[in-house]
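Top line first, the protein sequences correspond to chains A and B. For what it's worth, my numbering labels the leading residue of the first sequence as 1, then goes sequentially. For what it's worth, my numbering labels the leading residue of the second sequence as 1, then goes sequentially.
Just to be clear, a hint being listed does not mean it is correct.
For chains that are exact copies, the list does not tell them apart, and a pair is met inside one copy or across any two.
[Unchecked claim] Computed cross-link-like contacts, DSS-like style, restricted to lysine-lysine with a CA-CA straight-line distance of at most 27 Å:
#1 K23 to K73
#2 K227 to K369
#3 K292 to K307
#4 K329 to K39
#5 K466 to K329
#6 K374 to K17
#7 K324 to K95
#8 K352 to K307
#9 K450 to K39
#10 K430 to K76
#11 K430 to K308
#12 K216 to K449
#13 K368 to K75
#14 K23 to K95
#15 K179 to K308
It is worth saying that the hints were derived from the structure and are not from the lab.
2 protein chains.
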Amino acid sequence: MKSEDEFSVWYNDIIEKAELSDKRYPIKGMNVWLPYGWKLMLNIDNIIREEMNRMNFNEVMFPLLITQTEFGKEKKHIKGFDSQVYWVTSAGESKLDIPLLLRPTSETAMYPMFALWVRSHADLPLRIYQIISTYRYETKQTRSFIRVREIHFFEAHTCHESFEDAEKQIEEYFRVIEKLAKKLCLPYIVAKRPDWDKFPGAFYSTGIDVFMPTGKTLQVASVHQYKDNFSNVYNIVFETPTGEHKYVHQTTFGMSERLLGATISAHNDSRGLILPPEIAPIQIVIIPIFAKESQKEAVMKEALSVKKKLVRKFRVHLDDRAEKTPGSKFYDWELKGVPLRIEIGPKECENKTLTLVRRDDCKKTEIKKEFLLKKAGEKLNEIAKELLRRAEKALNENTRTVESLQEIKTLGIYRMGWCGKEECALSIEKATDMKVLGPGLEKDSLKEKKCINCAGKASSVIYLAKSY
Amino acid sequence: MKSEDEFSVWYNDIIEKAELSDKRYPIKGMNVWLPYGWKLMLNIDNIIREEMNRMNFNEVMFPLLITQTEFGKEKKHIKGFDSQVYWVTSAGESKLDIPLLLRPTSETAMYPMFALWVRSHADLPLRIYQIISTYRYETKQTRSFIRVREIHFFEAHTCHESFEDAEKQIEEYFRVIEKLAKKLCLPYIVAKRPDWDKFPGAFYSTGIDVFMPTGKTLQVASVHQYKDNFSNVYNIVFETPTGEHKYVHQTTFGMSERLLGATISAHNDSRGLILPPEIAPIQIVIIPIFAKESQKEAVMKEALSVKKKLVRKFRVHLDDRAEKTPGSKFYDWELKGVPLRIEIGPKECENKTLTLVRRDDCKKTEIKKEFLLKKAGEKLNEIAKELLRRAEKALNENTRTVESLQEIKTLGIYRMGWCGKEECALSIEKATDMKVLGPGLEKDSLKEKKCINCAGKASSVIYLAKSY
Numbered sequence: 001m002k003s004e005d006e007f008s009v010w011y012n013d014i015i016e017k018a019e020l021s022d023k024r025y026p027i028k029g030m031n032v033w034l035p036y037g038w039k040l041m042l043n044i045d046n047i048i049r050e051e052m053n054r055m056n057f058n059e060v061m062f063p064l065l066i067t068q069t070e071f072g073k074e075k076k077h078i079k080g081f082d083s084q085v086y087w088v089t090s091a092g093e094s095k096l097d098i099p100l101l102l103r104p105t106s107e108t109a110m111y112p113m114f115a116l117w118v119r120s121h122a123d124l125p126l127r128i129y130q131i132i133s134t135y136r137y138e139t140k141q142t143r144s145f146i147r148v149r150e151i152h153f154f155e156a157h158t159c160h161e162s163f164e165d166a167e168k169q170i171e172e173y174f175r176v177i178e179k180l181a182k183k184l185c186l187p188y189i190v191a192k193r194p195d196w197d198k199f200p201g202a203f204y205s206t207g208i209d210v211f212m213p214t215g216k217t218l219q220v221a222s223v224h225q226y227k228d229n230f231s232n233v234y235n236i237v238f239e240t241p242t243g244e245h246k247y248v249h250q251t252t253f254g255m256s257e258r259l260l261g262a263t264i265s266a267h268n269d270s271r272g273l274i275l276p277p278e279i280a281p282i283q284i285v286i287i288p289i290f291a292k293e294s295q296k297e298a299v300m301k302e303a304l305s306v307k308k309k310l311v312r313k314f315r316v317h318l319d320d321r322a323e324k325t326p327g328s329k330f331y332d333w334e335l336k337g338v339p340l341r342i343e344i345g346p347k348e349c350e351n352k353t354l355t356l357v358r359r360d361d362c363k364k365t366e367i368k369k370e371f372l373l374k375k376a377g378e379k380l381n382e383i384a385k386e387l388l389r390r391a392e393k394a395l396n397e398n399t400r401t402v403e404s405l406q407e408i409k410t411l412g413i414y415r416m417g418w419c420g421k422e423e424c425a426l427s428i429e430k431a432t433d434m435k436v437l438g439p440g441l442e443k444d445s446l447k448e449k450k451c452i453n454c455a456g457k458a459s460s461v462i463y464l465a466k467s468y
Numbered sequence: 001m002k003s004e005d006e007f008s009v010w011y012n013d014i015i016e017k018a019e020l021s022d023k024r025y026p027i028k029g030m031n032v033w034l035p036y037g038w039k040l041m042l043n044i045d046n047i048i049r050e051e052m053n054r055m056n057f058n059e060v061m062f063p064l065l066i067t068q069t070e071f072g073k074e075k076k077h078i079k080g081f082d083s084q085v086y087w088v089t090s091a092g093e094s095k096l097d098i099p100l101l102l103r104p105t106s107e108t109a110m111y112p113m114f115a116l117w118v119r120s121h122a123d124l125p126l127r128i129y130q131i132i133s134t135y136r137y138e139t140k141q142t143r144s145f146i147r148v149r150e151i152h153f154f155e156a157h158t159c160h161e162s163f164e165d166a167e168k169q170i171e172e173y174f175r176v177i178e179k180l181a182k183k184l185c186l187p188y189i190v191a192k193r194p195d196w197d198k199f200p201g202a203f204y205s206t207g208i209d210v211f212m213p214t215g216k217t218l219q220v221a222s223v224h225q226y227k228d229n230f231s232n233v234y235n236i237v238f239e240t241p242t243g244e245h246k247y248v249h250q251t252t253f254g255m256s257e258r259l260l261g262a263t264i265s266a267h268n269d270s271r272g273l274i275l276p277p278e279i280a281p282i283q284i285v286i287i288p289i290f291a292k293e294s295q296k297e298a299v300m301k302e303a304l305s306v307k308k309k310l311v312r313k314f315r316v317h318l319d320d321r322a323e324k325t326p327g328s329k330f331y332d333w334e335l336k337g338v339p340l341r342i343e344i345g346p347k348e349c350e351n352k353t354l355t356l357v358r359r360d361d362c363k364k365t366e367i368k369k370e371f372l373l374k375k376a377g378e379k380l381n382e383i384a385k386e387l388l389r390r391a392e393k394a395l396n397e398n399t400r401t402v403e404s405l406q407e408i409k410t411l412g413i414y415r416m417g418w419c420g421k422e423e424c425a426l427s428i429e430k431a432t433d434m435k436v437l438g439p440g441l442e443k444d445s446l447k448e449k450k451c452i453n454c455a456g457k458a459s460s461v462i463y464l465a466k467s468y
């Protein structure tokens, strides 16, 4: 594990060198997405889009600004966000009659409209999502992708006829998370947040946390069951087939650019990033190599033919910069995490072979050119598998089940019995300077054991960790 | 031509009925993009992305907020936008030290960063774009897609070594506009804006205007040559190969959701929208038709097989709603402008044929099923051609060359000689209650003629129209 300082230095450095984001923008916590970083994020967005569309969600786009009046309606919700809200108070030369705020999240933008859209049971389920930016005035130290004030954000919102239908929707969210995490090669833990830590206004919240190289956890996604908490306030009512009027039950599912922060943190080595093939802006880079000018033509011709073949199935880049040596090109693309490199020199041209170099283990394989498409696909799959294996190893090695708080000496993820009382959880947090992430969703064998704090009967097994 | 009132009623009505946008959101001029409208806009965005990437532009994402300090640097620019800016003055409980504003456009967000990014001639050309929302406090009456306060916006920005390089870039923009307009089936006119009407801070501006059914024009895109106006203020300097330090020359290219407003306005009939195939969220809708329940299985099987075939090449929807009659399905999809309909009934099943119905002329064609892919592609191409032909006809019929202002009796686009003096242009505008769009870029035969106002020698031929 890395110390926080060590990690911070490395993290900021790699983001700058790999040209993902520029934090020199003159507003703290608001950074410029550079082309390579933005492509990475768009690739993640597109995976999310594909999965949400498959689940029959519709993409929409709500306004950024929310009136103070609408925002003020759900009291718990406001209390949770009030200290973080950016206020628009004037426009042009005039003061606004009703102050507007930049969305910190979109419940209060969407739900007045849901009240207009939902009339009868035939309108349900209502399932929409949007990919936008949200704004939160963070007072803690900011860090690219992990804690920022302008957040690239995904949010899905649903309305259902019943609590049970909403629960089924939540199960579906977990399947999306599973698919997405696999493509990012990120293992994760799922924990139902304790009541005092749920989303403001939610009935209950579930967090998706990943393990970071510092031993801390980072929440990258969350799923909320709202029950009819918001629909009561915003009057989202439907008529049942028998003519009754009922409040809808609602869920939300949120993720952010933290997915990218977690991916970068998980997959790297001393040379730089190692990007999961599914999201790499460049999956394969082709490097032509020749010692003499006389070899150039043949090598470049071969490189172009390889590119032409690959481009049908992969995101490929041919690095034909004349002023750079092959060595410095290797350095650049290793830093930027391109998963697979193809080297083409006079020998390869002559033998009708190609040299494939995996980014994860730097191992070379010589293949026959005729098997290029198949072999390249196989290599990319192997790299993805290896990245996931390494990340799972890190998570497993740092997740321990403990029976006494004295066993907790280092950062990491700890599992322990808990009686369910808030005072015990707070006491555990105080003793360890960590946070109760909440009970895991998996069935486990610790049910019969004792609460690690009061030694009373445990009602669940909780995760404990220091979190970002 | 339609009267403004007539058009307004029709326009608002079709946007509501085709479910493109919901303007009941509680902030004036900020509307909710509904799924169908948002898909249309994303399809337009993706055409733009493809063309910009092909020109080797990189997509980036700059922050929404700009500090008052950076915004205040270019005096002409601020003067142009000052009355339209939304101000963020506090966050959480604290007043901000320096007020922030929502970008009305991104020059003042980007150029301080360009000053950091550009060091030497090797960094040039710098070519980036972003697709975002901009915010302008419009005081005029708002209208979906055409005049809104939250604008879905595309903006490209470049830096070049010289004025000539920047001019070449502008030529390339025009080629992108040509390709995009063709896909939207929209003819347009290009006019260099008079000096008093150029973009605030620009050296010169060129507007792309389309003809609207009311006889007015709508500016849907603009291209600006900034020269070194902004680089002087933001200190964007590069070192030449000989070690000199020079200010970069800059261009921008902007478009917005008005592209969608113009497309809707151009392509429609009494039944509803007629969407250009390139951007239609659904290009082909399949309607199964059967009179008896016993025919259902065979028809549905055939419909599914047709869908499966088409889905490889087209955006297809099979309307299998049991509670709706075929007639009411026709009505729905005609309203929503789906370009091609395929009807499948027992007769079609038996004969291995399909009935294709074009949205633009409602003509039916019976085809053999084996030619489906080819024929569907042909029909869509024919529809696109016909939409463009109709729109060109409307533009040409309403563009007239005049030699005296007395000839101008109706709305429309007028061409006339102009001596180049501002006072003459203003006098023309006053006499006609129209706006000088500026000299066209095309070479024309009117050069020798007289200024329509002062009868002095004409230096150019200008377009005149009433514009939105």
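Hints and how they fare:
1. When the C-alpha separation of K23 and K73 is checked against a cutoff of 27 Å, the pair qualifies only between copies, where the shortest distance is 21 Å, while the shortest distance within a copy is 36 Å.
2. When the C-alpha separation of K227 and K369 is checked against a cutoff of 27 Å, the pair qualifies neither within a copy, at 58 Å, nor between copies, at 50 Å.
3. For the identical chains of this complex, K292 and K307 are intra-copy neighbours only, at 22 Å inside a copy versus 56 Å across copies, given an alpha-carbon limit of 27 Å.
4. Taking the shortest Cα distances, K329 and K39 sit within 27 Å of each other inside one copy (20 Å), while across copies they are farther apart (40 Å).
5. In this homomeric assembly, K466 and K329 never come within 27 Å of each other (Cα to Cα): the closest approach is 39 Å inside a single copy and 56 Å across copies.
6. For a Cα distance limit of 27 Å, the shortest separation of K374 from K17 qualifies neither inside one copy, at 32 Å, nor across copies, at 49 Å.
7. Taking the closest pair of Cα atoms, K324 and K95 never come within 27 Å of each other, the shortest separation being 57 Å inside a single copy and 51 Å across copies.
8. Proximity of K352 and K307 under a CA criterion of 27 Å is satisfied intra-copy only: 15 Å inside one chain copy versus 43 Å between copies.
9. For the homomeric pair K450 and K39, neither the shortest alpha-carbon distance inside one copy (49 Å) nor that between copies (54 Å) is at most 27 Å.
10. Taking the shortest Cα distances, K430 and K76 sit within 27 Å of each other inside one copy (25 Å), while across copies they are farther apart (58 Å).
11. For the identical chains of this complex, K430 and K308 are neighbours neither inside a copy (60 Å) nor across copies (60 Å), given an alpha-carbon limit of 27 Å.
12. For a Cα distance limit of 27 Å, the shortest separation of K216 from K449 inside one copy, 26 Å, qualifies, whereas the shortest one across copies, 78 Å, does not.
13. Taking the shortest alpha-carbon separations for K368 and K75, neither the intra-copy value of 66 Å nor the inter-copy value of 63 Å comes in at or below 27 Å.
14. Proximity of K23 to K95 under the C-alpha cut-off of 27 Å is restricted to the inter-copy arrangement: shortest distance 23 Å between copies versus 32 Å within a copy.
15. In the homo-oligomer, the alpha carbons of K179 and K308 lie at most 27 Å apart only across protomers (25 Å), although the nearest pairing inside one protomer, at 30 Å, exceeds that limit.
In terms of the numbered hints stated before, the structure departs from hints 2, 5, 6, 7, 9, 11 and 13, listed from lowest to highest.
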